[in-house]
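The listed protein sequences derive, respectively, from chains A and B.
Read left to right, the first sequence gives residues 52 to 195 (the numbering used here).
Read left to right, the second sequence gives residues 3 to 348 (the numbering used here).
Simulated from the structure, these hints should not be mistaken for lab results.
Do not rely on the hints blindly, as some may be mistaken.
[Said to hold, decoys possible] Output of the computed footprint for chain A on chain B, the stretches with three or more beta carbons under 8 Å from beta carbons of chain A:
hint : region
1    : 25-35
2    : 142-152
3    : 221-229
[Said to hold, decoys possible] Pair ranges (Cβ atoms, derived):
hint : chain 1 : residue 1 : chain 2 : residue 2 : range
4    : B       : Leu280    : A       : Ala111    : 28 to 36 Å
5    : B       : Glu15     : A       : Pro93     : 40 to 48 Å
6    : B       : Ala250    : A       : Ala72     : 37 to 45 Å
7    : A       : Pro98     : B       : Trp95     : 40 to 48 Å
For every residue, glycine included, the Cβ atom is placed at its ideal position computed from N, Cα and C.
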Amino acid sequence: MAVFPSDDWLSIYRDLINASADYRDAAATWEGDIAFVFEAEPDRGVPEDLWAVLDLWHGACRTGRIVDADEAARSAYVIRAPYSRWKDVLNGELDPVKGMMQGKLKVQGDLATIVRYVRAANELVHLTTQVPTEFLDERPVASG
Amino acid sequence: MRAVTYRGPGRVEVAEVDDPSIEDPGDAIVRVRVAAICGSDLHFFHGKAPLEVGDVMGHEAVGIVEAVGDDVSGFLPGDRVVAAFAIACGACWFCAHGETALCEDARSLGTGIFGGSLAGAQAELVRVPVADVNLLAVPDGIDDERAVFVGDVLSTAVHAVERAELRGGETVAVVGAGPVGWLLAQAVRRSPAAQTFVVDVEPSRLASVEGLGAVAIDASAVNPHVAVHDRTGDRGADVVFEAVGSPAAFERALDLVRRGGRVVVVGMYAGETVPMQLGVWWSRALDVRFTGVCPVHAVWERALAALLDGSLDPSPVISHRMGLAHASEAYELFARREASKVLLRP
Numbered sequence: 052m053a054v055f056p057s058d059d060w061l062s063i064y065r066d067l068i069n070a071s072a073d074y075r076d077a078a079a080t081w082e083g084d085i086a087f088v089f090e091a092e093p094d095r096g097v098p099e100d101l102w103a104v105l106d107l108w109h110g111a112c113r114t115g116r117i118v119d120a121d122e123a124a125r126s127a128y129v130i131r132a133p134y135s136r137w138k139d140v141l142n143g144e145l146d147p148v149k150g151m152m153q154g155k156l157k158v159q160g161d162l163a164t165i166v167r168y169v170r171a172a173n174e175l176v177h178l179t180t181q182v183p184t185e186f187l188d189e190r191p192v193a194s195g
Numbered sequence: 003m004r005a006v007t008y009r010g011p012g013r014v015e016v017a018e019v020d021d022p023s024i025e026d027p028g029d030a031i032v033r034v035r036v037a038a039i040c041g042s043d044l045h046f047f048h049g050k051a052p053l054e055v056g057d058v059m060g061h062e063a064v065g066i067v068e069a070v071g072d073d074v075s076g077f078l079p080g081d082r083v084v085a086a087f088a089i090a091c092g093a094c095w096f097c098a099h100g101e102t103a104l105c106e107d108a109r110s111l112g113t114g115i116f117g118g119s120l121a122g123a124q125a126e127l128v129r130v131p132v133a134d135v136n137l138l139a140v141p142d143g144i145d146d147e148r149a150v151f152v153g154d155v156l157s158t159a160v161h162a163v164e165r166a167e168l169r170g171g172e173t174v175a176v177v178g179a180g181p182v183g184w185l186l187a188q189a190v191r192r193s194p195a196a197q198t199f200v201v202d203v204e205p206s207r208l209a210s211v212e213g214l215g216a217v218a219i220d221a222s223a224v225n226p227h228v229a230v231h232d233r234t235g236d237r238g239a240d241v242v243f244e245a246v247g248s249p250a251a252f253e254r255a256l257d258l259v260r261r262g263g264r265v266v267v268v269g270m271y272a273g274e275t276v277p278m279q280l281g282v283w284w285s286r287a288l289d290v291r292f293t294g295v296c297p298v299h300a301v302w303e304r305a306l307a308a309l310l311d312g313s314l315d316p317s318p319v320i321s322h323r324m325g326l327a328h329a330s331e332a333y334e335l336f337a338r339r340e341a342s343k344v345l346l347r348p
C-alpha cells in the first residue's frame, strides 16, 4: 500500500505504465512531461499543494516523482485540481478529459494535444486503479 | 490647504498645497468633510499606477459646496454633496447612454495622468469638473460617513449586482470580503438569489459576512472549489463576483462558477495577464462580464435610495476614522490589511 501521492506511489505507477502494452501503443508518439498539482485541502489532510511530475516519452514513463513547484512549473503540461478531484479520477468517478473540458481539472499547455491522446490518458487513469493506494484523507489519525 | 500627497512608492505625506480654484465654468469647489481610502488607491500608493510626487491622492469624498462656476446650475454654495470618483463629461454618446465610465473625456480624481491629472479628494478642498454631472446632493437623512460610499464602492456593488442579472434561486459566490466584496454580499441580499458564499482568508471579514447571512468560506482552511461544489450539487455557483483584482482571484472565480454560469469581474486590473484556455472557456459556456469602472452616475441615485430605505448600510465596513493629518499611518494600516475602510476627516 502506497500513499497517494508519494514517491513510492509514483514508482509503482511508473512500473505499471511501462508494463502496459496498451499505453505503449496509445502514447507511442507522445513527448512531454506532465506536472500534476494536488491542491491543498487543509480540512482533508492536505495542508499544502503537492506537485508531482511524470516524464512521459514515446509510450514509456522515464521517471515519476514528487517535486517542488518551481521544477514542476517547467513541465510542458501542468494539470491542477483539488486533491479530492484527483481522488475522484483515481476512483473512476471523474473522466479526466471531461474534467478538463468542464474546468474541474485545469490545464496549462496545449489542451488540444492532450485531447488527441485521449486513449493514452484513459489508460493512464485505468492504471492508477491498479496501484494499491492509501489516500491522505483516509489515513488513520495517529493517537497520543 | 492641507492634502494627502504622493511621495513615492509606499509613501504619502500630508502637505500644504495650493487651494484649488474654478478653472472652468462647470467646476465646483467642495470643502471636504469626509474622504475615504479606497482599495484602488493602493495601486497608486504602491507605485503600480503612475502618480507624480506631490500629486494629491484620493477619489472618495463628501462635503459642502464652497464655490461654483458660472455654468453650474444644479448646485449652490452650502449644498452637501458627494463627488463621483469617475468624472464624466455628461455630453458624449456614452454619457447619454448611461455608460459614463466610458465617457469620451473620462477622468477621475486623484489618479494622476491616468485620470486626467485631476487633484485628489483627500484634501481640505477638491475641484470637481462638470459639477452638474459629477456631484450628487445628499439628503438630510444620510450622514457623511454613509454618503461617502455612494461616490464609489456602494455604487460599484449595486452596479455589479445589476450586471449579474440575478434570478430567483440562484447561488452566488463572492471572491474577496473586502469593502466591495462585503457590500456585494449585502447588495445580493436585495436580489432574488437564494444563497451566497463569500471566500476570504481573514477571520474578521469572514465573521462579518456571516452576519449578512452568507456562508463564509475560509480559503486557508478548506479548498474553495471543493467547498462551493459540495454545496451546489457539484455544479459550482451560478454567479461569481470577483472582488479582489488579482489574477489569482480571477482564476479562483473561474474555479467556482458552474458551466454556463456568469463571472462578474469587479476587481480593478491594470497590466496583469492570465493564461486562457479558449476551448475550455467556450465549452464551459462561460459568461465573463467585466464591470470596468463603475458608471457611478447611472447608479448612484439607486444606491442613495437604498441607504435611505435601509436596505444597504456600509457602516460595518468602516474600521478606522482618522484625521487627515494621520493619512500616512492610515495608508500603512490599509496596505497591511489591518484596516478595511478608513475615513479621513480634514
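So which of the earlier hints does this model not fit?
1, 2 and 7
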